[in-house]
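Visitor: Take the given structure of chain A and dock chain B to it, following the hints.
Number of protein chains: 2
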Amino acid sequence: MTYCLGMLLDAGLIMIADTRTNAGVDDISSYRKLHCLADDKDRCIYAASAGNLSTTQTVLGLLREGVPTGEDESLMRTIHEPTSMFRAAQLVGEAVQIANETVGRALASIKISGASSILLGGRIGKGPPSLYLIYSAGNFIECKPDVPFFQIGETKYGRPILDRTITPSTSLAEAMKVAFLSFDSSIRSNLAVARPLDLIVMPTRAGAKPFTRRIGVDDPYFDDLSARWGDLLHDATAAIPDPPFMAELNGH
Amino acid sequence: MTYCLGMLLDAGLIMIADTRTNAGVDDISSYRKLHCLADDKDRCIYAASAGNLSTTQTVLGLLREGVPTGEDESLMRTIHEPTSMFRAAQLVGEAVQIANETVGRALASIKISGASSILLGGRIGKGPPSLYLIYSAGNFIECKPDVPFFQIGETKYGRPILDRTITPSTSLAEAMKVAFLSFDSSIRSNLAVARPLDLIVMPTRAGAKPFTRRIGVDDPYFDDLSARWGDLLHDATAAIPDPPFMAELNGH
Numbered sequence: 000m001t002y003c004l005g006m007l008l009d010a011g012l013i014m015i016a017d018t019r020t021n022a023g024v025d026d027i028s029s030y031r032k033l034h035c036l037a038d039d040k041d042r043c044i045y046a047a048s049a050g051n052l053s054t055t056q057t058v059l060g061l062l063r064e065g066v067p068t069g070e071d072e073s074l075m076r077t078i079h080e081p082t083s084m085f086r087a088a089q090l091v092g093e094a095v096q097i098a099n100e101t102v103g104r105a106l107a108s109i110k111i112s113g114a115s116s117i118l119l120g121g122r123i124g125k126g127p128p129s130l131y132l133i134y135s136a137g138n139f140i141e142c143k144p145d146v147p148f149f150q151i152g153e154t155k156y157g158r159p160i161l162d163r164t165i166t167p168s169t170s171l172a173e174a175m176k177v178a179f180l181s182f183d184s185s186i187r188s189n190l191a192v193a194r195p196l197d198l199i200v201m202p203t204r205a206g207a208k209p210f211t212r213r214i215g216v217d218d219p220y221f222d223d224l225s226a227r228w229g230d231l232l233h234d235a236t237a238a239i240p241d242p243p244f245m246a247e248l249n250g251h
Numbered sequence: 000m001t002y003c004l005g006m007l008l009d010a011g012l013i014m015i016a017d018t019r020t021n022a023g024v025d026d027i028s029s030y031r032k033l034h035c036l037a038d039d040k041d042r043c044i045y046a047a048s049a050g051n052l053s054t055t056q057t058v059l060g061l062l063r064e065g066v067p068t069g070e071d072e073s074l075m076r077t078i079h080e081p082t083s084m085f086r087a088a089q090l091v092g093e094a095v096q097i098a099n100e101t102v103g104r105a106l107a108s109i110k111i112s113g114a115s116s117i118l119l120g121g122r123i124g125k126g127p128p129s130l131y132l133i134y135s136a137g138n139f140i141e142c143k144p145d146v147p148f149f150q151i152g153e154t155k156y157g158r159p160i161l162d163r164t165i166t167p168s169t170s171l172a173e174a175m176k177v178a179f180l181s182f183d184s185s186i187r188s189n190l191a192v193a194r195p196l197d198l199i200v201m202p203t204r205a206g207a208k209p210f211t212r213r214i215g216v217d218d219p220y221f222d223d224l225s226a227r228w229g230d231l232l233h234d235a236t237a238a239i240p241d242p243p244f245m246a247e248l249n250g251h
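Chains A and B supply the protein sequences, listed in that same order. Position 230 (the first sequence) corresponds to 229 in numbering that gives the first Met the number 0; numbering is contiguous. Position 117 (the second sequence) corresponds to 116 in numbering that gives the first Met the number 0; numbering is contiguous.
Extracted from the complex, chain A is given alone in its bound form (with noise of 0.2 Å):
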């Protein structure tokens, strides 16, 4: 298991990911799960991966050293070529499924499943930063300002606070603060996510430098957000009025 968030606001966007892979809870490692898959002057473009390790890392290998077109084993497409986030969502799509034909079905054949999907976020040329999710088959959508945020691994128990805070209008350092929240709150709960996180921040301001950082396992600023969320939640539930039954059951 996983979890990876990103977040398309008006200001910029955001992703986050853990670094912890399992083969069961005997077999823990950590490995980065988002990677800068382009940092070139007309293109920004990173993608955060969940599910089988490798048949992501075939994904990331073929859209590295290219996908073949075709028939034709010559004509490779890396991911410096399309001209759009959403053609490179269809070459990082065509990547997972070409992952799926080969990976997929020999861990099939064992009865494992090398399920994995990706988030795909960036831009290319002078357009705002654009996010998309891409399925185990290859599908995607895009992220709109209706819900402006995916998840993809374990994605529930970080949902929540999600569902209540986030719009498009939502500041940087705010949705940072929440999606770190929404990490907390998955890590406290699935062993299967863990601290190293990664993140990226791009800025939708023209001339603003995507902004990169890894939050260690003891990383300070993060160990006192939790503290705080702790007791902020306590006073929190004590400000709303108690049910008005409870006082008819202390009556009884």
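I should point out that these hints are in silico values taken from the structure, not numbers from a laboratory. We put the beta carbon where it would ideally sit given N, CA and C, even for glycine. Any given hint might turn out to be false.
No farther apart than 20 Å at their CA atoms in a straight line, the calculated lysine to aspartate or glutamate pairs in the EDC-like style are these [said to hold, decoys possible]: (1) LYS208/B x ASP38/B; (2) LYS208/A x GLU247/B; (3) LYS125/B x GLU141/B; (4) LYS125/B x GLU80/B; (5) LYS208/A x ASP41/A; (6) LYS208/B x GLU247/A.
Some but not every residue of chain A turned toward chain B, in silico, with C-beta under 10 Å [said to hold, decoys possible]: (7) VAL177; (8) ARG212; (9) THR236.
Guide: Chain B in isolation, oriented as in the chain A frame:
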């Protein structure tokens, strides 16, 4: 899907269940999932069920009309006979096994899962309330103070708030608010969980009567709690300092 929560606190037992049942998103109904199995002078026992409705209704029918004893079909045991909650959990476990062997096997032949699980809570005699989680195989575990709650059904969305706030010393009123917030999160994120909610509160103190209540689809207290929580989460997020690296980003 459905969501049921049981909390075993120093002050008493709380059980809550939603009422949604569905076969696909285009076949949705409302069924009571929290049932009073016994309300006698010497025992007060409640069950909340999640999973296939035909299986759980069979379990409840067996407990009401009699669970067969071995091969002699004239010997039937009901929930009114066990002399402890442990023995009651064993009887419910047997009923679950029988339902799985009959209804469950028939459903398996058409590739539908008949799996169901049960929260069993209550008290027999003068002992304090206790709480059991009975799995679909009929085996069960008892709630203990290390984690003073059990969830069945759609458990993940509503879990983080429980992990962060519920301890054995939490008051009944506080626990009830947290339980409602846990349900509110689940209802917002999953169409397969919905009001009305049924609840029972059984105080530990001697002589206190259990209290039952249905929270309707337009319950004003629940609506107010849900609205306040959104605002309180915004305030709490704002009260956490911004990540230090965001200043660095703005400096670019």
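Visitor: Each hint: holds or not?
Guide: Taking the hints in turn, this is what the structure says about them:
no., hint, verdict
1, LYS208/B x ASP38/B, "10 Å, holds"
2, LYS208/A x GLU247/B, "11 Å, holds"
3, LYS125/B x GLU141/B, "18 Å, holds"
4, LYS125/B x GLU80/B, "16 Å, holds"
5, LYS208/A x ASP41/A, "12 Å, holds"
6, LYS208/B x GLU247/A, "11 Å, holds"
7, VAL177, "6 Å, holds"
8, ARG212, "5 Å, holds"
9, THR236, "6 Å, holds"
In this structure, every one of the numbered hints holds.
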